[in-house]
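Each protein sequence line maps, in turn, to chains A and B.
Take the first sequence: its letters are residues 1 to 107, numbered as in the working numbering.
Take the second sequence: its letters are residues 1 to 113, numbered as in the working numbering.
Careful, some of the hints might be misleading.
[Unchecked claim] DSSO-like, lysine-lysine: derived pairs with alpha carbons at most 30 angstroms apart:
1) B:Lys-79 / A:Lys-42
2) A:Lys-2 / A:Lys-42
3) A:Lys-45 / A:Lys-2
4) B:Lys-80 / A:Lys-42
[To be verified] Among the chain A residues that face chain B by a calculated CB cut under 8 angstroms, a handful are:
5) Ala-29
6) Phe-34
7) Glu-43
8) Leu-46
9) Asn-91
10) Arg-94
11) Leu-95
12) Gly-100
13) Thr-104
[What the hints assert, rightly or not] On the chain A side, residues computed to face chain B include the following (Cβ under 7 angstroms):
14) Asn-27
15) Gln-31
16) Pro-44
17) Ala-67
18) Tyr-70
Because the hints were derived from the structure by calculation, they are not lab data.
Cβ coordinates follow ideal geometry from the N, Cα and C atoms, glycine included.
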Amino acid sequence: RKEVEQDPGPFNVPEGATVAFNCTYSNSASQSFFWYRQDCRKEPKLLMSVYSSGNEDGRFTAQLNRASQYISLLIRDSKLSDSATYLCVVNPYRLSFGAGTTVTVRA
Amino acid sequence: SQTIHQWPATLVQPVGSPLSLECTVEGTSNPNLYWYRQAAGRGLQLLFYSVGIGQISSEVPQNLSASRPQDRQFILSSKKLLLSDSGFYLCAWSPTGGNYGYTFGSGTRLTVV
Numbered sequence: 001r002k003e004v005e006q007d008p009g010p011f012n013v014p015e016g017a018t019v020a021f022n023c024t025y026s027n028s029a030s031q032s033f034f035w036y037r038q039d040c041r042k043e044p045k046l047l048m049s050v051y052s053s054g055n056e057d058g059r060f061t062a063q064l065n066r067a068s069q070y071i072s073l074l075i076r077d078s079k080l081s082d083s084a085t086y087l088c089v090v091n092p093y094r095l096s097f098g099a100g101t102t103v104t105v106r107a
Numbered sequence: 001s002q003t004i005h006q007w008p009a010t011l012v013q014p015v016g017s018p019l020s021l022e023c024t025v026e027g028t029s030n031p032n033l034y035w036y037r038q039a040a041g042r043g044l045q046l047l048f049y050s051v052g053i054g055q056i057s058s059e060v061p062q063n064l065s066a067s068r069p070q071d072r073q074f075i076l077s078s079k080k081l082l083l084s085d086s087g088f089y090l091c092a093w094s095p096t097g098g099n100y101g102y103t104f105g106s107g108t109r110l111t112v113v
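Modelling step: build the complete structure from the supplied sequences, incorporating the hints.
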């Protein structure tokens with residue numbers, strides 16, 4: 001079983017829409033959680049950390065469900081610039097990266 | 001502030017040729033350093049990580065090696081490249097201790113022909 005699993009998508013949404021997706025992780029000892037964003041042919045960049053109580057950063061909301069071992073990312077009021085691949089990352093002892101969920105926002 | 005430099009940005013090498021990719025970090029001491037590879041359309045695969053000078057751990061056995069000759073320098077090497085070595089190579093760093101995210105360099109896109 002993979003350490004981190006994500007729905008690869010793609011999620012194709014119109015501008016202004018809300019899009020949400022999850023990832024699941026296998027190691028219950030995971031201590032920290034992140035969402036990274038990767039643009040085409042670029043390096044991944046940290047989007048936000050995910051805290052146990054859930055957290056927001058502007059239009060982005062991240063949630064953690066330890067009991068079911070999944071984290072989620074919700075993007076409100078999608079912009080064209082949100083088009084990217086979003087990587088779910090968990091840290092049981094070193095970061096484990098999911099393969100990514102591709103989001104395409106269309107005009 | 002901390003910065004990470006990785007070069008070259010792109011590289012085309014023939015099968016059987018050697019490889020040397022370099023990564024340096026500025027603005028911090030004793031960072032944890034990582035080499036990842038991302039094949040086309042695939043996820044990130046951890047190749048090597050280092051917690052200190054001369055300390056290298058290999059995650060995946062293959063024809064690549066890594067070295068850390070200085071605190072903030074991490075080198076990925078191969079004596080003879082294979083076609084399957086093509087990919088996007090990313091160096092990353094994180095502070096020691098704690099549960100921190102990693103910061104990536106801009107990557108090297110390697111094509112073995």
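Those earlier numbered hints the structure runs against, lowest number first: Going through the list in order, the structure violates hints 5, 13, 14, 17, 18 and respects the others.
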